Structures are given as structure tokens and as C-alpha cells.
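Could you slot chain B onto chain A? The hints should help.
Spelled out, the chains give:
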Amino acid sequence: MKKTFARKYLGIPYAVFLVLFVIAPLVVLFYYAFTNSTGHFTLANLAGFFTDSNTIGTLVYSLCLAFVVTVACLLIAYPIAYVLARSKFKSKAVLVMLFVMPMWINFTLRLTALKEILNLIEGNLAYYPFLNSVIGMTYDFLPFMILPLYNTLVKLDGSLLEAAQDLGAGRRQTFFRITVPLSMPGVISGVSMVFLPAMTNYVVNDMLYNSTYIMGSLIGSYFSAYDWHNGSMIALILLAIIGVFTLLSGDSEEDTRRGGALL
Amino acid sequence: MKKAIGPIIIALGLLFMYAPILILGVYSFTDATTIGQFGSFSFANYVTLFTTESLRNMIIGTLLLAIISSILATILGTAGAIGTFYSKKRVQAAVSVVNQVPVVNADVVTGFSLCILLVVVLGISKDTYIPLVIGHVTLSAPFVYLSVVPKLKQMDPSLYEAALDLGASPAVALRKIIIPQIFSGIVSGFAMAITLSLDDYFIATYTKPATFDTISTYVVNATRGSQTEIKTALWALSTVIFIIVLCIAIGMNVSAARTAKKER
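In order, the protein sequences belong to chains A and B.
The opening residue of the first sequence carries number 1 in our numbering; numbering runs sequentially from there.
The opening residue of the second sequence carries number 1 in our numbering; numbering runs sequentially from there.
The shape of chain A in the complex, shown without the other chains (with noise of 0.2 Å):
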């Protein structure tokens, strides 16, 4: 018996349970997305996504919304991450947990905070729906931009920059020519993790008062409606657009993926 036990058996477990609880609700998902409720296929539910201009509609808004939050996100954090990376300040380490600690507050209770000084600004939140949900998400995930973004500039070799400058460029060329393709690989791992919660997390606009939908919004309310079957495809089209992301981003900085870096 002693000689049988091989550490890889630990692996079984957590194998079994990959299996069970990852890729069977998959399967699942797929098969429900093209049956009907009587069981049959039917590619009515695509179809259905495809020339309803109501869903349509939410899919343009959640990738409007999407990318004018990641930009936003990627214009604030860019400075701060950069000023963070190259400054000889003593309490850096400091500075930067003060950048990554808002992650470890419940976001909804960030949001309710958010929502009391956005009533005080605005006065009435039901005139800015948009504009609300885009303050709203870039206060949400702003942590999850700079993180990225610093880890690869922070580890940017120095001489190169110097290399840069003794060759005659500028502040301004070193920063475009040399900084910014370098740190590439933090922009679009930032990137991948604030686009796609942007179309999915719909709490912050219920809590925000805009009641337009995005992609989440849409399996919420199938979801409330037990209708399993519109519910799967949406979740989906949604995976599709996940594995286009991933696949684009490759495995570049995965372990900063929520802040997973810092702990």
C-alpha cells in the first residue's frame, strides 16, 4: 500500500471536481442553449438573439459601455500606474496597497458610497443613467487596471530608457517609442479584466439607476423568468466573446488576474 501512494494522486479531487463543476455546468450550458423546452434542438434561440433588435440593441450598448469604460479606466490608471512605477518615493509599497486595498471593500457597499456623492453632484441620478454606470465602473475596477499596468512597468529595464535618451530621443518619443509598446502586455491583461466585467456587471447599473440592459442584465432577467434556454445562449454568446479576449491576450500576466499578484 506504502509503495502504490504517489503524490500525484492529490490531483484526483480536484480533478474530479474540475470536471464536475467546470466543465459539466459547460456542457450543460451548451446543450440548453440549442434545445427548446421540449427537449428538441432548435437553433431558435441564436436565430432568436440575432434579429431581436431589443438584444441587439443591448449588445452594442454593453460594448459601447465596455469600451468607454476601458478607456476611461486605461487614461486614469496609466498615469497613476506609471508615476507609481518610476518614483523614488519611500513609501511606495504603501502607496501602491493604498491603490489595491479599495479591491478587498465589498463593491457594493464602494458603490453606495459612490451613489450618495454622485446624488449630492448630480442631484438626480435618473438624468445621467449613462454617465453614471461609466463613473460607477471606473471607480470599481480603476485597482484593476493599475495593477497590471504597474507590474509590467515597474519591471521595465531602466537602461533602455537611458539607451533611448543618449541616442537623441526625447521625453515625448522615449515615452511612445520605448515605454508604452513595453508595457503592452500589462495594457491589454488591464484591459481584459475591465472590458468584460463592464458588460456583465450589471449591479452597478440597478444601484446607479440606469435601467438600460447589458449583457448580464439580460441572463438576470431570463434568470428571474426561469427561462433557461434564452438565458444559456445569452451566457454563450458572452463565453465567445471571453474566449475571443483570452485567446487575444494570451497567457500573459495571469497571476495578476484580481489582484492575485499582490497578496
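The reader is advised that the hints may include incorrect statements.
To be verified - Mimicking BS3-like on lysine-lysine, the simulated pairs with C-alpha atoms at most 27 Å apart in a straight line are:
1. B:Lys176 <-> B:Lys151
2. B:Lys153 <-> A:Lys88
3. B:Lys88 <-> B:Lys153
4. B:Lys151 <-> A:Lys155
5. A:Lys88 <-> B:Lys262
Stated by the list, open to error - Every beta carbon over 10 Å from chain B, so not counted as near; a handful from chain A, in silico:
6. Ala6
7. Phe34
8. Asp52
9. Ile56
10. Tyr128
11. Leu160
12. Gln165
13. Asp166
14. Arg177
Said to hold, decoys possible - Computed footprint of chain A on chain B, listed as stretches where at least three residues anywhere in the stretch have a Cβ under 8 Å from a Cβ of chain A:
15. 9-15
16. 83-96
17. 124-134
18. 206-220
19. 232-241
Everything labelled a hint here was simulated from the structure, so no lab data went into it.
For clarity, every value in this text was computed on a predicted model and none was experimentally measured.
The C-beta atom is built at its ideal place from N, Cα and C for all residues, glycine as well.
Just chain B now, kept in the frame of chain A:
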């Protein structure tokens, strides 16, 4: 002028991230019911927070769920990482690909698909809490796996061989040689699991019993309602959590500074 721009960017960034939480924190100590309103100093929100039964149940429930699911996720993920590390390359590749699925997937999709499988297809009642716990373990175990694997790669394999040569059984060698070397990865995986569970809204919504609430689901329901007493009590909760997180962050910084000093 140029020198000042860096600190200004940092200050504006911090202002954006912390102003709402801090302002809410100040107002949580008053009897005001909206921000901007003038109120006098009061602990009423904190009294409501800790004496209202629904709030107390929700806090205890969230913590219990986080602890139970994180312990399960840590055991599963760690054993999985060790086992996979010593398996064939093909097995390793397969597990790491499947492991990525919940990591990159949107939580809405994870929650919805688990709900269909467990509740609709297998008919497990949500009231058993089984779908909820499975959901949170599925969310966090992959992150435990991801934080343990690098530690295994850094490990010196000859130590394990030496222990076997000196007569240790594989089980003893695992406990005394491997586990201590990957322990920091296990701890950070566990911490990650806790934060993911505490922050989750979507998986809980799709798998929880109707009568059970986590912080997230409770807050979302409360914002739909109009009970000002609950609303302002949540300001107090937000402040309490902020202070706890701040203490943990300070503690981590102090201990990191200490180990850095020792190494020098």
C-alpha cells in the same frame, strides 16, 4: 512645476478612490439620512448595525460562507496543485487550461451555469446551501491552485528525495518537506479565496437560498428599498469594513518591512 505633477496625479487618484468611502465614514457617525445634510454626532447607525437581526444574520452568514468555502477551496486547490505538479505534462496542461475557465469567465456566467446544472438538472434544492458552497469553491479554488503552483516550481526537488532516502514515508515527506516550502502560496491562496467570497454578488444570487443573504445581495436589495434606517446602518458597515481592511493592510506592510530588515 514638472516635479509636482507626479504627486498631484497620485493625490487625485487617491481622492477619487477614497473620497466616497471617507465621506460616508464621517456621515456614519451622525444622524443625517443623506450626504450633505447637517446632522449631529451619533452612534445610532452602529447600534442599528449590531442589533438589527437581519443585518447581524447577513454579516455572520457572509463570514461563515467565506470561511467554509475558502477552507474547502484551499484544501482542494492545494492538493490539486501538488498532484498535478507530479503528473504527466499532458495532465498538467489539461488541468491548467480548465483551471483558467472560472478565472477568466464572467461571474454571471459561472453562477448561471452552476445554477442550471445543480438546481435545474440535478434538482438539488438551493435551501441545502450545497449549490452556494459549491459555487464559491468553484470561484476561488482555481486562484488557490494558481498561487500554489509557482511555489512548487521554486521548490528544491532534492530535499524531498533526501527525506525519502533518510527513511521518511512519502506521506511524512509531503507533510514535513513539501507543505512547509509552499506554505506562503497556500496562505495567499486562502486570503484570495476569502476576498473573492466576500466580494461575490453574482454566484450568490444564482445559487443561494431565498432566505439567505450575503453582504452584496443584502446591499443590492436594500438600495431598492426605502428604509433609511437600514441604508444608514450600511454606511456604518462600510466604515467598519474599511477600518478592518486598513488595519490588515498596515499589518501586512509592517510585517513586510520587518522581514526586509531581517534579510538585510
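Going through the hints against the structure:
| no. | hint | result |
| --- | --- | --- |
| 1 | B:Lys176 <-> B:Lys151 | holds, 15 Å |
| 2 | B:Lys153 <-> A:Lys88 | violated, 32 Å |
| 3 | B:Lys88 <-> B:Lys153 | holds, 15 Å |
| 4 | B:Lys151 <-> A:Lys155 | holds, 20 Å |
| 5 | A:Lys88 <-> B:Lys262 | holds, 22 Å |
| 6 | Ala6 | violated, 7 Å |
| 7 | Phe34 | holds, 13 Å |
| 8 | Asp52 | holds, 19 Å |
| 9 | Ile56 | holds, 19 Å |
| 10 | Tyr128 | holds, 17 Å |
| 11 | Leu160 | holds, 21 Å |
| 12 | Gln165 | holds, 16 Å |
| 13 | Asp166 | holds, 21 Å |
| 14 | Arg177 | holds, 21 Å |
| 15 | 9-15 | holds (count 4) |
| 16 | 83-96 | holds (count 7) |
| 17 | 124-134 | violated (count 1) |
| 18 | 206-220 | holds (count 5) |
| 19 | 232-241 | holds (count 5) |
Of the numbered hints stated above, those contradicted by the structure are hints 2, 6, 17, listed in ascending order.
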